[in-house]
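Asks: Turn these sequences into a full structure, and let the hints guide you.
Those protein sequences? They're chains A and B, same order as listed. Be aware that the first sequence starts at 1, since it is given in the working numbering, and climbs by one per residue. Be aware that the second sequence starts at 320, since it is given in the working numbering, and climbs by one per residue.
Certain hints may be false.
[What the hints assert, rightly or not] Here are the simulated lysine-lysine pairs, DSSO-like style, with alpha carbons at most 30 Å apart:
no., chain 1, residue 1, chain 2, residue 2
1, B, LYS404, A, LYS2
2, B, LYS404, A, LYS39
3, A, LYS316, A, LYS286
4, B, LYS404, A, LYS8
5, A, LYS251, A, LYS316
6, A, LYS286, A, LYS251
7, A, LYS39, A, LYS2
8, A, LYS39, A, LYS8
[What the hints assert, rightly or not] Just so you have them, the derived chain A footprint on chain B, three or more residues with Cβ under 8 Å:
no., segment
9, 359 to 369
10, 382 to 388
11, 444 to 457
12, 462 to 468
13, 487 to 501
14, 505 to 511
Hints listed in this document are in silico derivations from the structure and should not be mistaken for laboratory results. Glycine included, every Cβ here is placed at the ideal spot set by N, Cα and C.
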Amino acid sequence: MKAFTFEKAASPEAAARAAAAQPGARFIAGGTNLLDLMKLQIETPPHLIDVNGLGFDRIEPTDAGGLRIGALVRNTDLAADARVRRDYPVLSRALLAGASGQLRNRATTAGNLLQRTRCPYFYDTNQACNKRQPGSGCAALDGGVTRQLGVLGTSSACIATHPSDMAVAMRVLDASVETLQPGGQARRIPIAELHRLPGDAPQRETVLAPGELITAVTLPPPVGGVQVYRKVRDRSSYAFALVSVAAIVQKDGSGRVALGGVAPKPWRVEAAEAELPWGAAATAAKLLAGATPTHDNEFKLTLAQRTLAAVLAQAKAAT
Amino acid sequence: MLAHPFDTILAISRRELLIAGSACAAAATADAQSAPAPRPADAPPPPASTITLQVNGQSHRLTLDNRTSLLDALREHLHLTGTKKGCDHGQCGACTVLLDGRRVNSCLTLAVMHDGAQLTTIEGLGTPARLHPLQAAFIAHDGYQCGYCTPGQICSAVGMLNELRQGIPSHVSTDLQARPQLTNDELRERMSGNICRCGAYSNIAEAISEVAGAEVRS
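Replies: Here you go:
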């Protein structure tokens, strides 16, 4: 690990200012992803700003009837919150499907959104990776093993996926991300717009500006319905998704659906949701349109449609 | 008669064998690109911070290189070597300790982030004379072979049983609203962050189940 200076942020404003003032500085909260990457020298921040003391660790009702989740709320606490379990069960289910008990006790809401891909070529510093070292190429596309990698929203520069389960549920719930910019202004970003597609600059993963600090994630009022998160992976616990489906299905068969494990961001196509009453095949045709799979990960398209079919059957049985 | 190779191995103690093994591992690591370059004599020391940790009821004041993981602070600076370093990347759970009462991977957090924190390690749970019930149960059920993952398994189990008492659900809980019970499925899901390379899982599950007093259903 490269040496770095360290400070405990005294206030959110000071944290954002400090991060903007020092190129390459990083916020640290749970640290479960950042420290892993620092040990491998994939991340080499010269300065760390510890934001754990900033008090963003509460879940509060909003005036609109939703929930405001502090950026520092740990994954365990968010999954176990009585309001989330009752009104947003797809979020509890997604969180509980990710990582291990120890990791969920440390990992935070904002950190989960900002975690980086687990593409093996991003992690292996001997391999070309446009995300880790812009312009160096993509070892995955250049004859690599791509079974785990993306089939939608990818580019000729990068086919990495976003690894979060939580973010897929947040996307289907229409969450918004609240931030504080280094100048002191707050802004609100719909979760659909937080993550960028790779294009020719896969190193830029979000629309956040340098030093911009996530302070909370807000959920709109509960929408009811049967809420399901189904994750398919190579072992039954403590593994990243090959494909996951987050769905909210209403009594009349209408609903919302988003996919995880297939794209550089949670994958939701609102136009495809009109097809939900007609079943998984009709929905998948629109949801997976434009897919660019490799020979190794073509199976994800079939798997996504079948997982969606299983989720819709589960939802129908529960209504 | 030529000595059987195993006789040679058995003639050295387990600790010597481990030390020899570590030396091989260290030699292998030194070849890797991650080995730090030697620091010139006139270079400034790496940035450090001074913190206080409450470990197993005792207060320790430490000045540490900022890069020091909580795990390395415990092992290398406080010489509490019960907590083990397995993968050092949060994948194996051997480094699990209780941080302010909750189980965490001590390899994936920095010591300097925990000024004033309360830590419990395997050394603080019990002593050879007064074993923690989980330590006694692991012995009674033979919940290990080599024993390297055991301190992490036991600290994790303590934290896991607390989580269960608090009603925290898991991936396999069928009803998110119901109070979770410690079935065999629940136990295995909740302990999935602790890997046992020897594969002593069934005995580990029995040891934890006995202490939890749960009637284990498969």
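Asks: Look at each hint and say if it fits the structure.
Replies: Evaluated hints:
1. B:LYS404 / A:LYS2: Distance of about 20 Å is within 30 Å: holds.
2. B:LYS404 / A:LYS39: holds (14 Å)
3. A:LYS316 / A:LYS286: holds (21 Å)
4. B:LYS404 / A:LYS8: holds (27 Å)
5. A:LYS251 / A:LYS316: holds (8 Å)
6. A:LYS286 / A:LYS251: At roughly 22 Å apart (the allowed maximum being 30 Å), LYS251 of chain A and LYS286 of chain A satisfy the hint.
7. A:LYS39 / A:LYS2: Holds: LYS39 of chain A and LYS2 of chain A sit about 8 Å apart, inside 30 Å.
8. A:LYS39 / A:LYS8: Roughly 21 Å separates the two Cα atoms, so the pair holds.
9. 359 to 369: Answer holds; 3 residues pass the 8 Å Cβ test.
10. 382 to 388: Holds: 4 residues of the segment 382 to 388 of chain B have a Cβ under 8 Å from chain A.
11. 444 to 457: violated (count 0)
12. 462 to 468: violated (count 0)
13. 487 to 501: holds (count 7)
14. 505 to 511: Three-residue rule met by the segment 505 to 511 of chain B, so holds; n is 5.
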